[in-house]
Amino acid sequence: MPQTTLNIINETKITKQGISPDVMINLIEEQSTGLKISVAVDLKRHNFDPDCKVCLQSFDRRGSGLKPFLLGSIKDLSDDKNEFQFFIPEVNKDEVRFRLLVSREGEFKKIKVYRIIGRCEINKFFNNENQKDDKKNFKTESLLPTKEQEIGTVFKIEMIPDRKPYLILKSGCNIKYNLDNNIDPIQKTLIYTSAIRELLTNYLVDSRFDNCIYKEKWWKLISEKIGENIDDFPKSFLTIDRDAVNIEMQAVNWINEVAEIMVSNLLDSSGKKLVTKFIEKNTLNENRYSEETEYGV
Amino acid sequence: MNIRRFTDNGHIKYIKLYNKIKTSINEENKNIEKGYTVALQNEIKSLQEDILNSEEISPKIEIKKKSFKNSYEFGVYLNKLLESQEYSNISFDKKLWDWLALFYFDNVFSSNARGYNENRYILSDDWFTVYRHLVRTPWYVVRTYGKFGKLFLSGPPYFGKDWLEQFISHRICEKYTKSAEISYYLYYDEKEDLPKSGYSKKFIRIKNKKTLVKASLGRLVDKLNQYNEIYNIWDMDTKDIINLLPKEFTKLRT
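For the protein sequence lines, the chains are C and E, in the order given. Following numbering that gives the first Met the number 0, the numbering of the first sequence begins with 0 at its first residue and continues without gaps. Following numbering that gives the first Met the number 0, the numbering of the second sequence begins with 0 at its first residue and continues without gaps.
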């Protein structure tokens, strides 16, 4: 009788931060055509076979991977200092990600394979990772970080399966600064309400996000905020009945409810709701407008 | 003529003109032939001839009107033409790609086309739709996948192939260039010089029921995603990866 066996490897985690990590990647120089990086690897404390291969793959935030660099075999990397320099084309420092792979040659059904026996995902340069220790720089993970780009509209949402969604803001008009520093509640309310609606609609419409890890994180966060079980969330924004496509009103109402709780009821450090600040700011503007109109200024 | 890129003003004029064409087609019940009127054809022609709306790129590159058998041939030609240009400088240069779309408008716009969405002629900055551009995409695919890009570019230049749409939307495929090589060996019929039909879609509807297409491109992507988690597939031979695929792929292994 055929059996399927799973070989559990007793793997020690490959570290990328803290004191003397196993792998350290630093940015040497950012050029218009790509990035110059240095890589230091020390895997001696691991029990990998000497003939295992160690590769470093870079890919951008959108997930497209470049051909991995071969760092050598474990035997080749037995020195105390294993430092490399590489140039990674066509990527910028905010979007680059790395994956260190340790693989061993083997066979599966007489086919030569390279099994991955160790891996480490690296999302930041080592010097940036260290900033986490600085309490002033401490931030919780944002599920909708902002980024400036030269775009035609004031803002847009960039969503890619299995990648964190981004709120892209038009560069050169201070919107990112205003949003990140809570300067203008009107801008913040309008932009985030629309952004959250679009994000949720996309998650519910596009099947490419069905297994997206960031959709799962969003769903978990929403569940905590609105106090509803994820199983009770709408499953789709549209229903297809033969040739007719209909919008699910339950999904529309749910999106409205989530936007209300996650944007309008967002509290600032003084405990004031964003929607309250929006109303106050608008009322102030209205008063100023009335005075100016009255005196013909 | 040398290759040019739109000025800000020229780009706006082009976008407005294309939207006018689109509106006209919509008003003619989506009939491209009727909607793309002689008056609109003349407007395209005069925008093509008006050099005040664009500026030459540097270094100068001569460009000629040509006809192309398919998008692949078009992509090969564009790659030769633009080989002196830095990838990062031109890759998302909307004013360049849209100017090229205008220059080759007669090649990429046709009443035989099945669609006329603006993303085919105006470069989108959305990740999902950027690959619908009928000029930049052939260039990008040939540059990234070489001859294996034939699978995705076998139609005429005005045709956006389903193969490409299905392939490029998966992140593992975009720059894991071997995925295009594997797809080419499985799905491209070199004798016929055409993709094998029936494998581009992962699901089809049979008797109103969503049905999985065995050995389809979508299934290949599923398997590559799985292998990527357990094997260093970059180091593996293409033939070995094809041989690893499950039985459903047997008849495609030639």
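Quick caveat, the hints were computed from the structure, so don't treat them as lab data. Don't take each hint at face value.
[As the list claims (entries may be wrong)] Pair ranges (Cβ atoms, derived):
no., chain 1, residue 1, chain 2, residue 2, range
1, C, F86, E, N30, 38 to 46 Å
2, C, E82, E, T143, 52 to 60 Å
3, E, S123, C, T14, 35 to 43 Å
4, C, F86, E, E61, 43 to 51 Å
5, C, N180, E, Q225, 22 to 30 Å
[Claimed, not checked] Partial pick of chain E residues on the chain C-facing surface, computed with a CB cut under 8 Å:
no., residue
6, S83
7, E85
8, Y86
9, S87
10, F158
11, E164
12, Q165
13, Y230
14, D234
15, M235
16, D239
17, N242
18, L243
Note that the Cβ used here is the ideal one computed from N, Cα and C, for glycine as well.
Q: Note whether the CB distance of F86 of chain C and E61 of chain E lies within 43 to 51 Å or breaks it.
A: violated (32 Å)
Q) Does the nearest C-beta of chain C fall within a distance shorter than 8 Å of the C-beta of E164 of chain E? A) Since chain C brings no Cβ nearer than about 12 Å to E164 of chain E, farther than 8 Å, the hint is violated.
Q | Hint validity - L243 of chain E Cβ closer than 8 Å to any chain C Cβ | A | holds (6 Å)
Q: State, for the Cβ atoms of E82 of chain C and T143 of chain E, whether the hinted interval 52 to 60 Å holds or is violated.
A: Hint violated: Cβ distance 31 Å, outside 52 to 60 Å.
Q. Taking the least C-beta to C-beta distance, is M235 of chain E closer than 8 Å to chain C?
A. holds (6 Å)
Q.
Holds or violated: the hint that Y86 of chain E contacts chain C, with Cβ atoms closer than 8 Å.
A. Interface hint status for Y86 of chain E: holds (6 Å vs cutoff 8 Å).
Q: Would you check whether S87 of chain E satisfies its interface hint, that is, whether its CB is within less than 8 Å of any CB in chain C?
A: Constraint on S87 of chain E satisfied, holds at 5 Å.
(Q) Under 8 Å is the threshold here; is the Cβ of F158 of chain E close enough to any Cβ of chain C for the hint to stand? (A) Given a least distance of 23 Å, the restraint on F158 of chain E is violated.
Q: Against chain C, run the beta carbon of E85 of chain E and see if the smallest gap drops under 8 Å.
A: holds (6 Å)
**Q.** D239 of chain E as an interface hint toward chain C, with CB separation required under 8 Å
**A.** holds (5 Å)
(Q) A closest beta-carbon separation below 8 Å is what the hint needs, so does D234 of chain E meet it against chain C? (A) holds (5 Å)
Q.
Would the hint on S83 of chain E be counted as holding, given a Cβ-Cβ threshold of 8 Å to chain C?
A. This hint is violated: S83 of chain E lies away from chain C, its Cβ roughly 14 Å from the closest one there, beyond 8 Å.
Checked against the numbered hints listed earlier, the structure breaks hints 1, 2, 4, 5, 6, 10, 11 and 12; every other hint is satisfied.
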